[in-house]
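Novice: Here are the chains, one letter per residue:
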Amino acid sequence: MATAAVSPAYAHTEESGKSGIWSWLTTVDHKRIGALYLYTALAWFAVGGLEALIMRIQLQGPNGHVVSAQRFNELFTMHGTTMIFLVIMPLSAAFFNFLVPLQIGARDVAFPRLNAFSYWVYLFGSLFMNSSWIFGMAPNGGWFGYAPLTTMPYSPGLNIDFWMLGLQILGVSSLAAAFNFITTIINMRAPGMNLMRMPIFTWMAFIVQFLLVLAFPVITIALVFLQFDRFFGTNFYTMTQGADPLLWQHLFWIFGHPEVYILILPAFGLVSEVLPTFSRKPLFGYPVMVYSGMLIAFLGFGVWAHHMFAVGMGPIADSVFSVTTMLIAIPTGVKIFNWIFTMWGGNLRFTVAMKFAITLVALFTIGGISGVMHASPPADLQQTDTYFIVAHFHYVLVAGSLMGLWAGIYYYFPKITGRMLSESLGNWHFWLAFIGINLTFMPMHWSGLYGMPRRIYTYDAGQGWDSYNLASSIGAYIQAVAWFLGFWNIWRSRRKGAIAGPNPWGAPSLEWSIPSPPPEYNFAAIPTVTSRYPLWELGSHGVPGGAVISDEDALKPNPTHIPTADELGIPIPYSTIKPLFVALFMTLMFGSLLLIHEDKLHLAVALVISFAFLMTLSLYAWLTSPLEPAHH
Amino acid sequence: MATAAVTHGHPPTTTGLDHRKVAIWAFIGSECMLFASLISTYLIYKGRSVVGPFPHEACNPPLCATPLHAILNIPVTSISTFVLLMSSLTMVLALAAVENKGKPGYGGLFGSSRLWLMATAILGTTFLGFQAYEFTSFVNEGLTIRTNLFGSSFFTLTGFHGAHVTAGVLWLLTLFSIDMKRGLGPKDALLVDISALYWHFVDVVWVAIFTLVYLIH
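Sequence order for the protein chains is A and B. Numbering (the working numbering) for the first sequence: 1 to 632. Numbering (the working numbering) for the second sequence: 1001 to 1217.
Warning: the hint list may mix true and false statements.
Said to hold, decoys possible - Calculated pairs, SDA-like style, for lysine to any residue (alpha carbon to alpha carbon, straight line, at most 20 Å):
#1 B:K1046 with A:L246
#2 B:K1187 with A:P629
#3 B:K1021 with A:L114
#4 B:K1187 with A:P626
#5 B:K1181 with A:Y620
#6 B:K1046 with A:V224
#7 B:K1187 with A:T624
#8 B:K1187 with A:L627
Claimed, not checked - Below, a sample of chain A positions facing chain B; criterion: calculated Cβ distance under 8 Å:
#9 F111
#10 L175
#11 I186
#12 N187
#13 V213
#14 V218
#15 T234
#16 F236
#17 G242
#18 A243
#19 D244
#20 L251
#21 W446
In case anyone wonders, no lab produced these hints; they're calculated from the structure. Glycine included, every Cβ here is placed at the ideal spot set by N, Cα and C.
All chains, full assembly: derive it from the sequences and hints.
Specialist: Here is the structure:
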């Protein structure tokens, strides 16, 4: 394979003098922002995994005392919060950023600078929330932060303040990104790319943005109430003033259940890209996959109270939410069957990406089935707050979302960096992860059904849980090795991986028609799309309803000369530091509120006003400067 | 797969609409959920306060330190509601003035975008003045954001709305200053159009708040 002639990772940007830290701080290129999301989320994945590992060491045997009860509370709170808001959502965002414009044939997102802003808010928000560890005051109220437990009388100290302010900051990032991607997908599709020709990942991304737009404001308000209660002494969660003890739970889960689909649908989308490519068959039942995605999202807003069966809402509410929850299993089941039919009779290639994708199909089903089990209130009353629930949601989030996202990483790494991930290292990574995940989470079904409660920091011997816990801990250690190998693979392959051509997998969608990594402007000429699988031109190889890409096509190297944007006369947005400053001042503005609880009200007010002023100033500077050079 | 001849500049948008117009609608959808959460909480907590003052009922000792009439002043708020509704009218006139600038027969009073932008900002500020007066008089009568559930949910809901009006006024003043500096014409209609969508949305939210909080007992 040619090496000198083929451009290595980011060579084109280095050539045009755009490298180094400053270029990353000021970038507005959706591909680089996607890479920033990817690497930042992986760093937090290591942190969140470490938190889980410490808990598993503690629970390995009875009466473990590696950490105190207080520290344990902080660990499970931050493990959950980190994995949901700082790992899975941003990993999905990494793919939204990198893929959506490429898949619809666009040169960037609709608002490149807003996109940079979203990333910086995510980075600063995540650093802010985790800075609580330095002060020894990490959040300790669970990832769901139930009020009134999290109000001042029951949770004094800055722990909850870090949590609620951090989530508020992260919410801004998600919302800004959602407006951006909705606009991008509605408005920037290449000619001929009608909605029903969009790649399925872009479809799932599109649906998820609507979930974000509609679900996040609800938790924003729930958090505002909590902030006002804690900072200003309002009564939203004060029971002695007549407040409703379920208000927080309702608001939180109206957000929290759609959030579950925010976490899983992007992974579903990635798997729906991987399976057809490595089966060399179009996705089975494409329209049904789209509609079932929409139906999942729609029904997802009507099932929130199944998280609350144990609070005693009465038979009518219980029945309604039980039925809607069972209903949502239908479109999800449809997806599972469609993936199986996609593979059925296909020319299967078991790459690492394919293995991760098939694992999602198999193991998510286990999590889905245990999910339908607690759709039944009597069963749920038995299972709620036990390790059975922990087993359930780790099967959907780790064996589901994360497996799908890693399938995406193995599949798209060549497009992102221009180099292949090692398949042999990847196989070690995959098999150890597969064994580790099942060994960790499968026994939790039993420890849960035998009555082990969630969130306990230690337990006595002789309750029938010992061997299950030991198995779970051994599984966690295996996972630690597995994920380390995954990281090692990425680290090593960034420099040493085999050079990837434009389409190393023989895949069908637009992103594979351009060099790897793509040039700054993505498409030298905007393509016109005439089918759902533009690179497969179905049937042209004599395979009815299918396609064959020869290995020659697949190994075709990148073109030897990739013209620059200047040569092509394509306007490229200016790099700018302003979105970073707006994000920084916004984070500092929220962070200053912490001083209220240090009895420095005046200082807090002064700082909030100063940072709000600086933020507005940076925002005006951003909005009044041009995005890109004037058109010719 | 074929490639079109679009290489220079940007291809036209899929819908023909400007990106900002699509984005503002997504934003407004999100805002609907924000206010829905606030209004629902207010309604859920209606009648649950254990001490006064109350919105629609008189309050006597021991629930209130001194006997107190119903605290919501509907006549005064009706005036401020009218003011805000009129600001939507001036906003429409401002947009029309910008869109039609330079067209024959569209001069004079109706053609002055500066006049109508400033009028909208002034009406919005007047509404905020009414709100400041209302908040102050409530505090004087013993209702703060800490007093009871009504106080917490009322001040938070109407305060959030007031903050949105304030942001809108700043937006309008920004447009006004651009208009003073270089003049807004049909090319800039979109800038005014999206601010108008926001402004009308904030106005419509107030119609819901006025009905649900003030008028319905």
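Novice: A separate judgement is required for each hint: does it hold in the structure or not?
Specialist: Hint check results:
1. B:K1046 with A:L246: 15 Å, holds
2. B:K1187 with A:P629: The hint holds at about 18 Å.
3. B:K1021 with A:L114: Holds, at roughly 15 Å.
4. B:K1187 with A:P626: Judged against 20 Å, a Cα distance of about 16 Å means the pair holds.
5. B:K1181 with A:Y620: 16 Å, holds
6. B:K1046 with A:V224: 19 Å, holds
7. B:K1187 with A:T624: 16 Å, holds
8. B:K1187 with A:L627: 17 Å, holds
9. F111: Status holds, d = 7 Å.
10. L175: 6 Å, holds
11. I186: 5 Å, holds
12. N187: This interface hint holds because 4 Å falls under the 8 Å limit.
13. V213: At 5 Å from the nearest chain B Cβ, A:V213 passes the 8 Å test, so the hint holds.
14. V218: 5 Å, holds
15. T234: At about 4 Å, which falls below the 8 Å cut-off, the nearest Cβ of chain B leaves the hint on A:T234 intact, so it holds.
16. F236: For A:F236, the interface hint holds, since the closest Cβ of chain B sits about 6 Å away, which is under 8 Å.
17. G242: The hint holds - A:G242 has a Cβ within 8 Å of chain B, the shortest such distance being about 4 Å.
18. A243: For A:A243, the interface hint holds, since the closest Cβ of chain B sits about 6 Å away, which is under 8 Å.
19. D244: Given a least distance of 6 Å, the restraint on A:D244 holds.
20. L251: Nearest chain B Cβ about 6 Å off; hint holds.
21. W446: 40 Å, violated
Consistency note: the structure conflicts with earlier hint 21 alone.
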